[in-house]
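A.B. asks: Keeping the supplied structure of chain Z fixed, place chain D upon it in accordance with the hints.
Residues per chain, in single letters:
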Amino acid sequence: MLMNEIIKRIEARPVCGDVCSLRTDDFEFAFASDLMSDVLRLTYEKTMLVTGLCNVQTIRTAEMAEIKLIIICRGKKCDDQMFKIAKECDICLLETNYSVYRVCGELYSYGIKPLY
Amino acid sequence: MEFLFEIEGANFSVAGNASSTIKRALKQRDVDPAKIKRIVVALFEAEINVVAHADHGTIRVLIEDHQVQMFVKDFGPGIEDVKEAMREGYSTASNSVREMGFGAGMGLPNIKRNADVFEIESIKGLGTNAHIIIYL
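Chains as they are written, first to last, in the working numbering: chain Z, 1 to 116; chain D, 1 to 136.
Chain D on its own, in the form it takes in the complex:
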């Protein structure tokens, strides 16, 4: 089963809709609730990152029998130092993002904590691609 979402930057009123849709789809497939939580927390953090930092982006989710793959691509400023961005507490978020309860530098570490595989590459000025896999 495949899902594709277009994500609009800075629009927090609909941020999380993609993750919510995936959560419902996983529940319908009777996936273990603990796995669902790991998947949707990782995806939600990634979705929030696109909304918080990028002009726009896409999320593609593949639900397979043995794993869930998430491909998150954004067109934004990119991450200057990915290694530093993986450190808890590191953040470049704006005040408007912080007012929404995010931007404390926990997003990428939270994704890593929940993912079985987390690959991220970023080009400054172009955007960021993330690939997340969680085994079922």
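Just chain Z, same shape as in the assembly:
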């Protein structure tokens, strides 16, 4: 399944990277956190990050943790520095007005698994 369907379901805006061409198979897991040190503990690949934290450290953390898709929730807007680093690191960004909880619920219904 293409990510496009999930993007529509969570009413997300692709704001960086070619998210629409990605497949859900590329993301077996999702992890939700606003604490970046918790994100840095992840050892699984094929994981997307769902977060309400919207700053340059969100992107840097994803870079170190090898996360290729971040869903920014609660209507937060990425800034130009975030876009610049995300492009350099080949990280896709989605923005949505939905809460982290609601996004996680939708992802779960599509078969995206929790890590713990």
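Simulated from the structure, these hints should not be mistaken for lab results.
One should not assume that every hint holds.
[To be verified] Below are the DSSO-like pairs computed for lysine-lysine, each with C-alpha atoms no more than 27 Å apart in a straight line: (1) Z/84 to D/112; (2) D/83 to D/27; (3) D/37 to Z/84; (4) D/27 to Z/87; (5) D/37 to Z/113; (6) Z/113 to D/35; (7) Z/46 to D/112.
[Claimed, not checked] To be clear about the criterion: a stretch of chain D counts as covered by chain Z if any three or more of its residues have a C-beta under 8 Å from a C-beta of chain Z, and this derived list gives those stretches: (8) 5-15; (9) 35-44; (10) 51-58; (11) 106-112.
For every residue, glycine included, the Cβ atom is placed at its ideal position computed from N, Cα and C.
C.D. replies: Relative to chain Z, chain D alone:
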């Protein structure tokens, strides 16, 4: 190969630049991706600690054939109780650090988890020195 970075305290807009540079250098050397992740996560946590707690600091990274050594030195308040600071959840971070997504007391434990060797010494009022080794 040796790298030296000057780290500015409280400047979160550039925090992580040193770790990102090292990640690119390791990728160019075709280091095992799992090792790269351990190295950059440990280094990134250390870099964030300097930015979060110190006035300024330095990071020196030596990439050798058999290991990567990281020397992180900061000029800050120091850690009063290093043993306690190694405990998950212990934190003295300010609210501004927490707003950036850090300061939950996971930094030093994360470094220890990823490092093969992690030595840290701190003098209250002067600063902290950390030495991290990850074998390749």
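A.B. asks: A separate judgement is required for each hint: does it hold in the structure or not?
C.D. replies: Hint check:
| no. | hint | in the structure |
| --- | --- | --- |
| 1 | Z/84 to D/112 | violated, 31 Å |
| 2 | D/83 to D/27 | violated, 34 Å |
| 3 | D/37 to Z/84 | holds, 22 Å |
| 4 | D/27 to Z/87 | holds, 17 Å |
| 5 | D/37 to Z/113 | holds, 22 Å |
| 6 | Z/113 to D/35 | holds, 25 Å |
| 7 | Z/46 to D/112 | holds, 24 Å |
| 8 | 5-15 | holds (count 3) |
| 9 | 35-44 | holds (count 4) |
| 10 | 51-58 | violated (count 0) |
| 11 | 106-112 | holds (count 3) |
In summary, the structure is inconsistent with hints 1, 2 and 10 from the numbered list given earlier, while agreeing with the others.
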